[in-house]
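Chain residues, written in single-letter form:
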Amino acid sequence: MTRLAQAGLGAVALAALIACGSRVEAPPPSTLAVAELLGPADTAGFERATGGREFHFPADHGPHDGYRTEWWYYTGNLADPTGRRFGYQLTFFRSSLTATPAERSSAWGADQVFMAHFTVTDVDRQRFVSHERFARRALGLAGAQTEPFRIWVEDWSALGEPAGSVRLQAQAGDTEIDLEVGSGKPPVLQGDAGLSQKGAGLGNASYYYSQTRMPTAGRVSISGESFEVSGESWLDREWSTSVLEAGQIGWDWFSLQLDDRHELMVYVIRREDGSADPNSAGTLVEPDGSSRSVEPSRWRLEPTGSWTSPESGARYPSGWTLSVPTAGLELEITPLVVDQELRHTFRYWEGAVAVSGTSGGEPITGRGYVELTGY
Amino acid sequence: MSPVLRRLSRRHFTRHPWQALLAVLGVGLGVAVVVSIDLANASALRAFRLSSEAVTGKATHRLVAGPAGMPEELFVRLRVDHRLRPSAPVVSGYVGVTDRPGRTLRLLGLDPFSEAGFRTYLERDTAQVELDRFLTAPDTVWLAPGTGADLGVGPGDPLDLELAGMPRRVRIGGLLEPHELRAESLNDILVADISTAQELLDFQGRLSRIELILADDGEARLRELAAALPPGVTLERAGSAGTTGERMTGAFRTNLQALSLLALLCGAFLIYNTVTFAVLQRRRLFGTLRALGVTRRELFTLILGEAAAIGAVGAALGLAGGVWLGRGLVGQVTRTINDLYFAVAVQSLDLDPFVLAKGAVLAVGASLIAALAPAVEATSTSPRSALDRAELESRTHRAVPRASAAGLALLAVGAVLLLLPSSGLPASFAGLFLLLLGFALLTPAATMLLIAILTPVAGLLFGQLGRIGGRGVVAALSRTAVAISALMIAVSVIVGVDVMVRSFRTTVEGWLEYSLPADLYLSAGSAPTGSLDGVRPGFDAEFVERLGVLDGVEAMSTLRQTTVRTASGDTRLIAVDLDARSFGSFAFKEGDRQEIWPAFERGAAAIVSEPYASRTGVTRGSEIAFETPAGRRTWPVLGVYFDYASELGAVTISRRAYVDLWGDQSVTAISIRALPGTDVAVLEEAIRAAGGERRLLMRSNQAIRDDSLRVFDRTFVITGTLRLLATLVAFVGVLSAFMALQLERSRELGVLRAQGLTPGQLWRLVTSQTGLMGLTAGLLALPVGITTAAVMIYVINRRSFGWTLEMQLSPEPLLAAVGVAVGAALIAGVYPAYRMSQTPPAEALRSE
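So the sequences go chain by chain: A and B.
Numbers 863 to 1237, taken from the numbering used here, label the letters of the first sequence in order.
Numbers -12 to 835, taken from the numbering used here, label the letters of the second sequence in order.
Worth flagging that the hints you see were computed from the coordinates, not collected in a lab.
Predicted, not measured: the structure shown is a model, and the values here were computed from it.
C-beta atoms are modelled at their ideal positions from N, C-alpha and C, and glycine is treated no differently.
Some hints could be false.
Listing some non-contacts, in silico: residues in chain B with all C-beta distances to chain A over 10 Å [said to hold, decoys possible]:
#, residue
1, ARG(-6)
2, TRP5
3, VAL63
4, PHE100
5, VAL281
6, GLY315
7, ILE440
8, VAL444
9, ALA612
10, GLN689
Have a look at the derived ranges for each label pair, beta carbon to beta carbon [as the list claims (entries may be wrong)]:
#, chain 1, residue 1, chain 2, residue 2, range
11, B, PRO58, A, VAL1199, 40 to 46 Å
12, B, PRO58, A, ARG1081, 31 to 37 Å
13, B, THR47, A, GLY945, 41 to 47 Å
14, B, THR47, A, ARG1123, 49 to 55 Å
15, A, THR1220, B, THR47, 55 to 61 Å
16, B, GLY104, A, PRO1149, 47 to 53 Å
17, B, PRO142, A, SER1174, 30 to 36 Å
18, A, SER1085, B, ARG224, 29 to 35 Å
Hey, can you work out the whole structure from these sequences and the hints?
Below, the structure written as structure tokens:
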């Protein structure tokens, strides 16, 4: 879900966050005012997520150029044969700069910009590496296409393989991933049959689906060491034109894969006054792939600790208890590395977590990813 | 130094305040000129460095190619396939401003997503750049606030540009506020997205360069990648553009500096003059002091101390004056650099403390050196002979042969320095200075000779008084020789610079005459002629064809000017398409036109301009190799032609070869010869009609000639300023010298008055004497000035710029110089004559 605005390609989100004088600090200087790219949310001319729609696959895996913002969000927990654990994130954000592109004779002329984030978490060594890239959709520097499926920013890419799996490749410095990601369970439509309402206003919503348990195998390299790994990934797909509203400052988002083949996604949209927005949501996926919404009133999320970034000074919650009584779940969520903060154009925390607790009274464990924005 | 001596010194200068004043003024003026030129030079250089930093950013290397740039896919390939980063594509070119004819802006097209690490002015915390508009709004550019204010545009305003005559209206997207660079480094730069720049410059599909930041091990990597580079694309170290620019303007700046040193030389003479007088006047006093037991060392210290004081006060005055003057000159210097080399737009003066310190040291140093000789003289004389004036004069006369011998020796050393072919520019200037000093040392002997000839003439004109005046000059040689030398040097510098500039101008005029045989000239304009980088928009081939078939066109030549790479770095390449008759517009210094033409026309030979040949050593019989998109190509050089358009020089080949190799069809200038009997005005109209919406810069050969000469004259405005200052220094010098001389003669004149000389006769006496001295200085200045001119023309200009000038001697500057000398001398005599004539003889006799 929500990774949505996070990186902020959700223009609106950022504008709103800044306008509300939230604790979002100015990101470190980077090239160009990407935040302004998100700029004053001029939604005119873009399509909006205003009602139900039918999802078609594989077509909907590809881009939806009529919407302002869209992302492909791969995260996963992996381990090598000796049990050494890794987390990774490879995300591609597409952002339309204008709904009414001018006719350009230069091949550099672009109306879309892509941003990508790539992280690797080395659990045993307690290391976390993150990188960011931008490129315009021009000259093959970046783009998204359905047939064959390919999303890329320069040499980072998600590429559809003939067998139906997706190959993720990214390299920066001595950090590299090359992973084969299968589809696993069928796509889960989040929110109301894929329409995920984020604010009270009509159209302040996104279309949102997830692939919650994707078998993954390949290679992870960090600091020059290379590891054969396998594990499971989670894909979040979301596209929208406007999402957050005034008063909403950020969110806490959880994607959890339990060892009994259940998956749980919950997010809390936080308001300026510290309360949780009623548009927070949750979804429980059954082992057979069927899913059901879990109303915010049906679960309870409590932070158990906090961590202050030595770099940015931001104070994030670190560690939670999550109880979903209707599903019989009492879970404890622990970051595998406390510092999994991405300090780029947009600063946020996104990292691998361990899950333990009980399901129907029986002990259970799991893994997942957590995203914290607006701190 | 004892307080008594110090008081003595103070007393002397309070009794003769004008003497101290003029000395201080002379030093001050000399230092002011040197400091102002230094400051202006340093500011212009810094301006250049800043703007090249703004343009090149922090790249360590770059990939460059010829006129057509490189395919943009190369960037994508390097970045995606070879993971070569940081790497930044750049499209750079020049555009004209419609409302400001002659004003050129640099358009810099950048990809904001590749900029991190290179340039900082697109950073979010400083830039008012909205990324969406930067990327998607066509024809939108960003600029620095200063440039915007200068052009009278702000965010949202339209700005009318011209590209090869085609009007293009752009919109100001916003202002750039670089935080790491001084804002002025972005002066006259328009920044746009790379797509916008390609569209404005009509450079779609191409990049001007790709910038790289390579780690130490990156070079090895690049060698691997070198295989991936298409022909014509080469890797070079960044910063070499900066050094090229510094090299380019080096000769120009050295020349300015040397001229300013000439002014200081005049100033030094002035100090010498003043200190000498101050010593000579007190010879008796010093003799008495020595007799009373003051040691030589004390006396020596006293004299040098006085000189140092004059130098220090003069330095303070000179620094203040230099800063004030520098503010005016920096405009002139940058203007010239803009005209001749590249677009820089810095008008503010950078007060470099080093330059100021140098000026102060120069002032005090020059004063001390000038005081050295009189100090030695005063202290080495025995107390008894110091009391005897006649002894001094006879000693002076005895010293004349020695001075002359020293002068001849200096002349010989100077001549060797100038004639040695291996001497560089600084050595040439040193040679010139030695020549001037040598001539100054020969002045006493020459004065004696000239006065011997002139005295009878003065006798004829003024009778007995004239003869007395003439003999007086020789009799007081210890004083008069210095004054005459100072005036002579100053006037000869004026003569030298005048003759050189006139010769230069006449040569250029002659060259313009034969090199512009056509009737009408069309120029795509925009780039400063000496600038070696950036896209130069040109006329398209289709437009050129349309012109060729117009009624009344007898012949048409086209020219494409661009920059290509050779073994000797960036080279201006001119590709011409012309017929045998138009080829006659080349005058060959080496090689025969008839022999060159067939091979040249086939595209099988190159010719080079004279400055290029002398700068690079590529001359007739050499070969020249260019990096072309088709790989390296070599041409034989068959001739060297005269050219005064650019001191950087150029290589000319036929258009046929150029189009074959570079595939570039556009041209930057067109010349049209009308059929005999054609009304050129009608033809002009037809051409304008063929141009459609293009705003054509069309000029007759006459207009081009006039424009060129205007630029020429503007270039020498600064020379004129310096000449004026040198004159001023000389004038102050002669004034102080002659006044001292005449006032010192109070007693002598008093005697004459007592013997019945009327005030009127006294006027005539003083006037005839100063007039004789002025005339002597003026006449001596002529050969010295002409020699100076010859040195500047045949040695310094050739070594600085590599071109041949024909020396033109016309009577005007020579007569004017003698006039200045005599005039200055006469004016200098007015006050003493007036004072003497007003003083009762008795008082004059009592005055000592």
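Which of the stated hints cannot be reconciled with the structure, identified by number in ascending sequence? 3 and 4
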